[in-house]
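**Q** Below are the chains, spelled out letter by letter.
2 protein chains.
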Amino acid sequence: MATQAHRVVIIGGGFAGVNAAKALSHSSFSVTLVDRRNYHLFQPLLYQVATGGLSPSDIAYPLRVIFKHQRNVEVLLAEVHDIDVENRVVRLEHGSVPYDSLIIATGAGGQYFGHDGWEADAPSLKTLEEAMEIRKRILLAFETAERETGLHDQLACLTFAVIGAGPTGVELAGTLGEIARDTLRKDFRHIESHRARILLFEGADRVLPTYPANLSRQAHNALLALGVQPRTGVKVVDISSRGLNVEGPRGMEFIPCRTVIWAAGVKASPLGRILAERAGAELDRAGRVLVDECCRVPGHPEIFVAGDLAHSKQGNGAMAPGVAPAAMQMGRYAAGAIRAQLEGSRPKPFHYWNKGSLATIGRNKAVADFGKLHFAGPLAWLIWLFVHLMYLVGFQNRLLVFIQWAISYLTFNRKARLITGGVILPDLAPNSSQAETAVGQEQSHAGATGSSPR
Amino acid sequence: MATQAHRVVIIGGGFAGVNAAKALSHSSFSVTLVDRRNYHLFQPLLYQVATGGLSPSDIAYPLRVIFKHQRNVEVLLAEVHDIDVENRVVRLEHGSVPYDSLIIATGAGGQYFGHDGWEADAPSLKTLEEAMEIRKRILLAFETAERETGLHDQLACLTFAVIGAGPTGVELAGTLGEIARDTLRKDFRHIESHRARILLFEGADRVLPTYPANLSRQAHNALLALGVQPRTGVKVVDISSRGLNVEGPRGMEFIPCRTVIWAAGVKASPLGRILAERAGAELDRAGRVLVDECCRVPGHPEIFVAGDLAHSKQGNGAMAPGVAPAAMQMGRYAAGAIRAQLEGSRPKPFHYWNKGSLATIGRNKAVADFGKLHFAGPLAWLIWLFVHLMYLVGFQNRLLVFIQWAISYLTFNRKARLITGGVILPDLAPNSSQAETAVGQEQSHAGATGSSPR
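Chains A and B supply the protein sequences, listed in that same order.
First residue of the first sequence? That's 37 in this note's numbering, and the numbers climb one at a time after it.
First residue of the second sequence? That's 37 in this note's numbering, and the numbers climb one at a time after it.
Keep in mind that the hints were calculated from the coordinates and are not lab data.
For glycine and all other residues, C-beta sits at the position ideal for the given N, C-alpha and C.
Don't take each hint at face value.
Said to hold, decoys possible - Below, in silico cross-link-like pairs of lysine-lysine (DSBU-like), each with a Cα-Cα straight-line distance of 30 Å or less:
{"#": "1", "chain 1": "B", "residue 1": "Lys-172", "chain 2": "A", "residue 2": "Lys-58"}
{"#": "2", "chain 1": "A", "residue 1": "Lys-172", "chain 2": "B", "residue 2": "Lys-303"}
{"#": "3", "chain 1": "B", "residue 1": "Lys-162", "chain 2": "A", "residue 2": "Lys-172"}
{"#": "4", "chain 1": "A", "residue 1": "Lys-222", "chain 2": "B", "residue 2": "Lys-104"}
{"#": "5", "chain 1": "A", "residue 1": "Lys-408", "chain 2": "A", "residue 2": "Lys-391"}
{"#": "6", "chain 1": "B", "residue 1": "Lys-172", "chain 2": "A", "residue 2": "Lys-162"}
{"#": "7", "chain 1": "B", "residue 1": "Lys-303", "chain 2": "B", "residue 2": "Lys-58"}
{"#": "8", "chain 1": "A", "residue 1": "Lys-349", "chain 2": "A", "residue 2": "Lys-271"}
{"#": "9", "chain 1": "B", "residue 1": "Lys-222", "chain 2": "A", "residue 2": "Lys-104"}
Said to hold, decoys possible - A few chain B residues facing chain A, derived, Cβ under 10 Å:
{"#": "10", "residue": "Leu-175"}
{"#": "11", "residue": "His-226"}
{"#": "12", "residue": "Lys-451"}
Unchecked claim - In silico negatives: residues of chain B with every beta carbon more than 10 Å from chain A:
{"#": "13", "residue": "Pro-92"}
{"#": "14", "residue": "Asp-241"}
{"#": "15", "residue": "Ala-322"}
{"#": "16", "residue": "Leu-326"}
Bound conformation, chain A alone (with noise of 0.2 Å):
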């Protein structure tokens, strides 16, 4: 134990922090990757979980598997309390880690705007956890709107809010029109599921509003094309178990609703109010550290934040955006940084370079914005699906995400469609017509006599 490796821990093994630790092999560092899930999370197909196309391990990748060969690190299954800076120190809730270098890279979380209470009743998509549970919401919708007797009880939950039409939200809005469409078509005796309400909230005046005018122009009609309302200009005012109050061209407006999904905005991780604290660190608005031009809480140059927490203005004076591709140059140039200062040498600052955005919204159709050159399309579409494939992590999750896309292609079929965990029985409305009416057969009579929905 003659000279002591320089210690580099990495806080967060999503994008950032796993490409951090990769760029770290073959260095003499010793790397420890905290982390409080054993595995790193896929999160732009997070959305093919809550919609029944995927299932959670296709899209995450246990942290350890990636690591398994890379020996100079160490991945520990841990949640961060405390950083002592002064010390060098993260604190854990059992134990601690020393470091030399410190990387945070703990990214975001659903942004409420100060509606922290919405949150029950529209969760937003970070977690495997919150995935299954929206596609537990959206399962039961549909099984309690074939049980439900009750005209406007059926039909709220037959009504879908997707709040927030930026690329997940669109996603999302997109996969329910195609569920409700193709998926479900012959599945129920009751209902007619393309009957469905989609509704995507945006405040913006347009779909997808950082993309090209004419790209929100398609993805609009794609949209519609889809069954899905795209409601632009409107504001949310309330959310409640029975539905949402919204703000728009039309006025005030209550819209019925038993399935509510929060996709518009992020909150960084706490980590960054903890840096405030002991590091001293501005923060923005969203929460986000302020960083120097190398990603450093200034006044540290030990400590880099990477990724979704971060706010690094470039040149331009706008901020790298909050998308994975950001975050993998980040993680990579964090290593970088340290390799270059631990040689005596002043790291040149971080520049994102932006390769392009694709957002797909249904079969055959994406829309993608590489700077001048921008469409929308099959070509899109194609596009999209390799990058997407290309960036999973492990072959055999590509090869099984490949073939069940293939299939449901073919198919129309989504198998992943499991209700599991906690109560899985629909929970019918108290006042519900259902609880005094016999159900099945009786029914199945009057389904058959009559072929429009009750």
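Given the coordinates of chain A, work out where chain B should sit on it, guided by the hints.
**A** Here is chain B on its own, set in the frame of chain A:
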């Protein structure tokens, strides 16, 4: 609406229920299949979900998809609360379903022989939720051992006990052996996973007691080769969160152990008791309904019981066993018997056709018992693989399971190793020496200097 169709209600979407409903296709019957789950579960592979080899959706298939095109079948997601035998109505939590003929096939759960308190520390393996809970416990045990510095606690974390050496227990223990020996081999830095102790307890004097003695011997040796210690003639006296007390040839013994899995006996579904109360059915000790030679509740020719809930005495006096093939046969039989009764003919008695039994221990290792012909080894293993793939519902599931088995066979990896849901962090013992110790690189150093686990 001239004459009303004969209404068949099937409770339970397992092997018996699904096969009964399928056998009623192309009939004029109106069939309602009631289940509290929205999927059919392929229980024989549940242990592979519990050990991270397969995903829940690989072995579960939505009931609505199975009966999508069988228009005389209606699937109802509901919990049965009571059966009104007089008025021929099944009472649900909300509403009710009238029937002309009833098939009850709600199966069985774990049986703790009067020690229901053990369930919390020794979950059984009957549902997807239980499988995911067991998966979490197994993975967290290794994670906790990796962080644990106290030798005693580390040993308890690395000790796994499986209670019951029937096919499920043997399959679980064998897979645990492979996980410890092969899958996790390079995943950890402070423990050597292959030193995990996997104990398989059995009350009888040999493993797989229902199989021919020479197969038991071969299974025993195969388990030993995987590092599993089978302990036969042993009775479990007590189970707690600290470990288990057993009584056997070596006398009383306390075994410190964090992970206990229960695979020792089943208790019939509570619908048996309802049948006893409402229809005067007799139950056996495990709560199964004693049915007549036509799988009916004596005195109620309109009520059939099929699958694990039925105690059907065969010509030789033995009971049709609680295995998937028997359940499928009973389900199809009940459907045929209803048709026969309606045509005024007397159904032939149910006869269980034993096609043989298969149990797998690990890669290339299985036992096959086809009566006079019984053997162990790679051929039995290939037959096991083929039969299980064949009986999986859905082409896509078959393909995905086949690919995952092939890749696991080649790489020793098990990719569905996710710790999800509820508390995800290792709960270290309060008196653990961990609490005051720094973990991370310091241990890494210790690990690098000594080759044995702490």
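**Q** Each hint: holds or not?
**A** Hint check results:
1. Lys-172/B with Lys-58/A: holds, 27 Å
2. Lys-172/A with Lys-303/B: Roughly 29 Å separates the two Cα atoms, so the pair holds.
3. Lys-162/B with Lys-172/A: Roughly 21 Å separates the two Cα atoms, so the pair holds.
4. Lys-222/A with Lys-104/B: holds, 6 Å
5. Lys-408/A with Lys-391/A: holds, 12 Å
6. Lys-172/B with Lys-162/A: holds, 20 Å
7. Lys-303/B with Lys-58/B: It holds: about 27 Å lies between the C-alpha atoms, which stays within 30 Å.
8. Lys-349/A with Lys-271/A: Judged against 30 Å, a Cα distance of about 29 Å means the pair holds.
9. Lys-222/B with Lys-104/A: holds, 6 Å
10. Leu-175: holds, 7 Å
11. His-226: holds, 8 Å
12. Lys-451: holds, 5 Å
13. Pro-92: Violated, since 6 Å does not exceed 10 Å.
14. Asp-241: holds, 39 Å
15. Ala-322: holds, 25 Å
16. Leu-326: Holds, since 28 Å exceeds 10 Å.
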